[in-house]
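Q: Sequence:
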Amino acid sequence: MSNIELSEQELIRRASLQKLRDLGINPYPANEFKVNVTANQIITTFNPEIPNLQEVVFAGRLMSQRIMGKASFGELQDETGRIQIYVNRDEVCPGEDKTLYNEVFKKLLDIGDIVGVMGYVFITQMGETTIHVKEFVLLSKSIRPLPVVKEKEGKTFDAFTDPEQRYRQRYLDLIVNPHVKEVFLKRTKIINQMREMFNERGYIEVETPILQPIPGGAAARPFITHHNALNMPLYLRVANELYLKRLIVGGFEGVYEFSKDFRNEGMDRTHNPEFTVMEIYVAYKDYNWMMDFTEEMIERVAVALHGMTSIPVGDKEIDFKRPYKRITMFDSIREHTGFDISEMDEIALRDVCQKIGVEFDNTMGKGKLIDEIFGAKCEGNYIQPTFITDYPVEMSPLCKKHRNNPELTERFELMVNGKELCNAYSELNDPIDQLDRFQEQLRLSEKGDNEAMFIDMDFVRALEYGMPPTSGMGIGIDRLTMLMTNSISIQDVLLFPQMKPEKRAEEDSAEKYLELGIPAEWVEVLMKMGYKKVSQLKEVKPGKLFNDLCGFNKKNQLGLTNPAANDVTNWLN
RNA sequence: GACUCUGUAGCUCAGCUGGUAGAGCAAUUGACUCUUAAUCAAUGGGUCGAGGGUUCGAUUCCCUCCGGGGUCACCA
1 MSNIELSEQE
11 LIRRASLQKL
21 RDLGINPYPA
31 NEFKVNVTAN
41 QIITTFNPEI
51 PNLQEVVFAG
61 RLMSQRIMGK
71 ASFGELQDET
81 GRIQIYVNRD
91 EVCPGEDKTL
101 YNEVFKKLLD
111 IGDIVGVMGY
121 VFITQMGETT
131 IHVKEFVLLS
141 KSIRPLPVVK
151 EKEGKTFDAF
161 TDPEQRYRQR
171 YLDLIVNPHV
181 KEVFLKRTKI
191 INQMREMFNE
201 RGYIEVETPI
211 LQPIPGGAAA
221 RPFITHHNAL
231 NMPLYLRVAN
241 ELYLKRLIVG
251 GFEGVYEFSK
261 DFRNEGMDRT
271 HNPEFTVMEI
281 YVAYKDYNWM
291 MDFTEEMIER
301 VAVALHGMTS
311 IPVGDKEIDF
321 KRPYKRITMF
331 DSIREHTGFD
341 ISEMDEIALR
351 DVCQKIGVEF
361 DNTMGKGKLI
371 DEIFGAKCEG
381 NYIQPTFITD
391 YPVEMSPLCK
401 KHRNNPELTE
411 RFELMVNGKE
421 LCNAYSELND
431 PIDQLDRFQE
441 QLRLSEKGDN
451 EAMFIDMDFV
461 RALEYGMPPT
471 SGMGIGIDRL
481 TMLMTNSISI
491 QDVLLFPQMK
501 PEKRAEEDSA
511 EKYLELGIPA
521 EWVEVLMKMG
531 YKKVSQLKEV
541 KPGKLFNDLC
551 GFNKKNQLGL
561 TNPAANDVTN
571 WLN
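Quick note on numbering: the first sequence equals residues 1 to 573 in this note's numbering.
Don't take every hint at face value.
Unchecked claim - Within a straight-line C-alpha distance of at most 25 angstroms, the following computed SDA-like cross-link-like pairs (lysine to any residue) qualify:
hint	residue 1	residue 2
1	K19	I50
2	K321	N381
3	K366	R334
4	K189	R201
5	K150	L185
6	K107	M63
7	K106	V57
8	K70	A30
9	K181	M267
10	K321	T386
11	K19	A71
12	K260	E420
13	K377	P431
14	K134	R66
15	K152	V206
16	K321	K260
17	K419	N192
18	K260	V206
19	K134	R168
20	K107	Q9
21	K377	D345
22	K325	N264
23	K186	L17
24	K150	R168
25	K98	R21
26	K181	N192
27	K152	G69
28	K189	Q384
29	K150	E317
30	K325	P406
31	K107	L17
Simulated from the structure, these hints should not be mistaken for lab results.
Start from the sequences, fold in the hints, and give me the full structure.
A: Written as structure tokens, this is what we have:
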């Protein structure tokens, strides 16, 4: 990168980098730095009575500096938090040469540098636990200034809040906004809790293909890609359900996977094109068993995170203590609309939609219509965890028909805070029925429902060999994390949420300028001056350009030899 | 996709009805041996998102585009 692209502060830091090298200090040393304590350990375990922690080796990022002549304070931040350091000139530089303090510490170190310190812990007159530094070493130089966030008495000043920058440059967000790290630590804890519970029960964690020839297991638009060697399309999975069930056919009796799934659909507060789902399948169980299991799992996660079952979500308080209310979809619709739709056909359902003001179109079948009604009138009412059970068969092509009513399926969704959190079935294991359902989906797809599924004939073949009765459940890990961390947006629980790419202004390549006979050193100057395209250059008068170039050279002290006025005229012709 | 708000210094933000920009922090230089949003003094730093239009003159008004936020729609 050329120097004129850099801000003043970046230039100063690069100059500091060179000065450090001139002093024989490697700003990026290779050797291991053996730390023996964390910031949090110092703060929680230091006891001035003993005193302990008298030979600490600590490393972290320099987050603030308060220089007062011969002594200085600063703060270092490691993974666990911040600790104050105290540096005294004559202790760090016992001899005559005070360069290490006066130059290196006071001038050449910047906020953002990674620094290692050796010393002992004490408590200052102001009561702050502090490392009294006897030696320090630069571990990594930062040449780009960090946003400086300050805090006093719980109030934050100049907080780094721009959502775009926070998500694009998550590393900055993590450095500067400590609460952000908490969310992601909790996310990991949620996943670990679930994994522990499954492993305790002997279920097997597996991995299934992300690149699938047929994107099955859910009705969603897939991302498509191409495999060159096989010269065939491949899809990024929208679900892993069909593969996990193949494993149940193969004799595993409990399998689960934390699965990154991909759906080529809209993005908003609750949707990211790639997202994480945990799916689990257990043989010889049904959806009633799975409801008990799901309750236990979620309650366990809530307690592990918060020590209690009741947690704040937005302006509400949600209690994850089991058991959760269970209500059938028909009862729910009756409760919230006053209509009993259990015996209705497509025509009657359209009539209901009309009466209660639910939008619909003629491509919608019975299942879709019921789903629309539920989504519009019922879903949002379930703030406390509630199982909605017994969905119509048209909406659930992978789910076993209800033991008491062939129009329904043995399916439940867990609704929390007005949104779907889990989805589970007594899995359909009748191969003939499964093929019929797939074909019905295909008919719907031909009718215009572009979310209807592809048919996976190998999956049907697997079922033909026989799959034990099985119950399966899927849960959105991102949404669960949002609930458990009280986050409003999915972007707050994804380390790197999907963003539009950063766009740079359109510009011509350097070659185009060189072709005009412009020396390379002046090309970057022209670009910096705003002539991003050769065509723009052609529109200015040579005299003006000549003046501007010389002026720019002088003003920015580039030290270049000015071109002759004639040269400039020649460039433009 | 629709509506709406928004883009000014490294960061957070001011900038009235049009006259090419200010503050705090950060930075630079100096003072200061227990400070903590350290303090004090001085200094530098900006194609005011991009392009076009109106105008003698646009950061400001109008249009288009680009980026971002919010709401809604779409998305079991």
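Q: Let me make sure I understand: some of the numbered hints might not hold for this structure. Which ones are they, in numerical order?
A: 1, 8, 13, 15, 16, 19, 22, 23 and 29
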